[in-house]
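Chemist: With chain A fixed as given, assemble chain B onto it according to the hints.
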Amino acid sequence: MRSRISENELLKRAFQEVYFAKERDDAGESWQFQVMRRVRQARPLRSATVFWPAFENVVWRLAPVCCLLGLLLAVLFMNMDLDPGYDYLGTVAAEMEKPTLPELYGLEG
Amino acid sequence: MQNHSHTPTDADIIREILDGNVNAFESILTRHRVLVLKIVTKHVPQSEVEETAQDAFVRAYLSLPTFAGKSDFSQWLSSIAVRTCYDYWRKAYRSREIPMSAITDKHQHWLEEVLSAEAEDSRREGSLRSEAKELLEYALAKLSAEDRMVLEMVYLEGLSVKEAAELLGWSTANVKVRSFRSRRKLEKLLRGMKQQGRRAS
Chain A
3 MRSRISENEL LKRAFQEVYF AKERDDAGES WQFQVMRRVR QARPLRSATV FWPAFENVVW
63 RLAPVCCLLG LLLAVLFMNM DLDPGYDYLG TVAAEMEKPT LPELYGLEG
Chain B
6 MQNHSHTPTD ADIIREILDG NVNAFESILT RHRVLVLKIV TKHVPQSEVE ETAQDAFVRA
66 YLSLPTFAGK SDFSQWLSSI AVRTCYDYWR KAYRSREIPM SAITDKHQHW LEEVLSAEAE
126 DSRREGSLRS EAKELLEYAL AKLSAEDRMV LEMVYLEGLS VKEAAELLGW STANVKVRSF
186 RSRRKLEKLL RGMKQQGRRA S
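So the sequence lines, in the order shown, correspond to chains A and B. Take the position in the first sequence, starting the count at 1, then add 2; the result is the number in my numbering. Take the position in the second sequence, starting the count at 1, then add 5; the result is the number in my numbering.
Isolated chain A, as found in the complex:
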């Protein structure tokens, strides 16, 4: 079986050495100033617990609109003829009223 190059102890150690050798001095004061400026410019924080009151606010603001919409839909449905059985009977009755061919030419009776 071929030995793995990446598992070679010396190579791995050499890579780890250069990886951890990336030293850096602490950033200067101007860096901290820039971070704080960005933080102050960011949107104001909203605590997680503030979510529900905010949600309730939206719900109550929308409540009258929902009620009005509900009423409107109720009136609309009441005025619509939505009984399929009644519709079917109406069609059959209309069909029966149509004259047959002998009736049309006065050949019957």
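Calculated directly from the structure, the hints in this document are not laboratory data. Incorrect hints may appear among the rest.
Capping the alpha-carbon separation at 30 Å, the derived lysine-lysine pairs in BS3-like fashion look like this [to be verified]:
{"#": "1", "chain 1": "B", "residue 1": "138", "chain 2": "A", "residue 2": "24"}
{"#": "2", "chain 1": "B", "residue 1": "111", "chain 2": "A", "residue 2": "100"}
{"#": "3", "chain 1": "B", "residue 1": "147", "chain 2": "A", "residue 2": "24"}
{"#": "4", "chain 1": "B", "residue 1": "96", "chain 2": "A", "residue 2": "24"}
{"#": "5", "chain 1": "B", "residue 1": "199", "chain 2": "A", "residue 2": "14"}
{"#": "6", "chain 1": "A", "residue 1": "100", "chain 2": "B", "residue 2": "47"}
{"#": "7", "chain 1": "A", "residue 1": "14", "chain 2": "B", "residue 2": "75"}
{"#": "8", "chain 1": "A", "residue 1": "24", "chain 2": "B", "residue 2": "193"}
{"#": "9", "chain 1": "B", "residue 1": "43", "chain 2": "A", "residue 2": "24"}
{"#": "10", "chain 1": "B", "residue 1": "181", "chain 2": "B", "residue 2": "47"}
{"#": "11", "chain 1": "A", "residue 1": "24", "chain 2": "B", "residue 2": "111"}
{"#": "12", "chain 1": "B", "residue 1": "193", "chain 2": "A", "residue 2": "100"}
{"#": "13", "chain 1": "A", "residue 1": "24", "chain 2": "B", "residue 2": "181"}
{"#": "14", "chain 1": "A", "residue 1": "14", "chain 2": "B", "residue 2": "193"}
{"#": "15", "chain 1": "B", "residue 1": "47", "chain 2": "A", "residue 2": "14"}
{"#": "16", "chain 1": "A", "residue 1": "14", "chain 2": "B", "residue 2": "111"}
{"#": "17", "chain 1": "A", "residue 1": "14", "chain 2": "B", "residue 2": "147"}
This one's a predicted model, so the numbers in the text were calculated from it and none came from an experiment.
Modeler: Only chain B this time, still in chain A's reference frame:
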């Protein structure tokens, strides 16, 4: 009269920030900047460290309401720093702005030397460190952002799969798969380099 002055804890400062005192965040910054800069330095190119560390702190500030205080704040902040580095690489790979060092004969020679028996002496020489650095950067640049982060954390830093998963916010299964895949890619790259060097000589 007793003096009850005490240093406020991270939790105290966070509470103050959440109550609307933005300036209190400066204390968090002063306390933890070294930690964040240390993490970011390991993962992103030198020229991008300051900007990425800034991004990490701004992200931490915006995420403060979600910090439940159940875990250690440093741990939580480290996780944000690592994820910001990961985002940096994702953006860099997407815009194809990856610094790619060229591999030359000297790198292949160095690799051959390290893999040979007498490598111990040559490895100690500081002058050869640049070859190792460039070779590692070349290999990492060939990986995806995900594979790169996992390889750095598990293979180079020696973190456990669980630790890496917690910092990256991924599942352990995902990190395990990524770790296996990235190591296989690294192996393939190194083997290719070794063969090229042999052919050239």
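Chemist: Determine for every hint whether it applies to the structure shown.
Modeler: Quick rundown of the hints versus the structure:
1. B/138 / A/24: holds (10 Å)
2. B/111 / A/100: Violated, at about 102 Å.
3. B/147 / A/24: This hinted pair holds, its Cα atoms lying about 20 Å apart.
4. B/96 / A/24: holds (22 Å)
5. B/199 / A/14: holds (15 Å)
6. A/100 / B/47: violated (91 Å)
7. A/14 / B/75: It is violated: about 37 Å lies between the C-alpha atoms, which goes past 30 Å.
8. A/24 / B/193: Roughly 26 Å separates the two Cα atoms, so the pair holds.
9. B/43 / A/24: With Cα atoms ~9 Å apart, residue 43 of chain B and residue 24 of chain A stay inside 30 Å; holds.
10. B/181 / B/47: Between residue 181 of chain B and residue 47 of chain B the Cα gap is close to 21 Å, so the pair holds against 30 Å.
11. A/24 / B/111: Roughly 22 Å between the alpha carbons, so the hint for residue 24 of chain A and residue 111 of chain B holds.
12. B/193 / A/100: With Cα atoms ~87 Å apart, residue 193 of chain B and residue 100 of chain A exceed 30 Å; violated.
13. A/24 / B/181: Measuring from Cα to Cα gives roughly 26 Å; hence the hint holds.
14. A/14 / B/193: The hint holds at about 15 Å.
15. B/47 / A/14: Holds. Residue 47 of chain B to residue 14 of chain A sits at ~16 Å (cutoff 30 Å).
16. A/14 / B/111: holds (18 Å)
17. A/14 / B/147: Holds, at roughly 18 Å.
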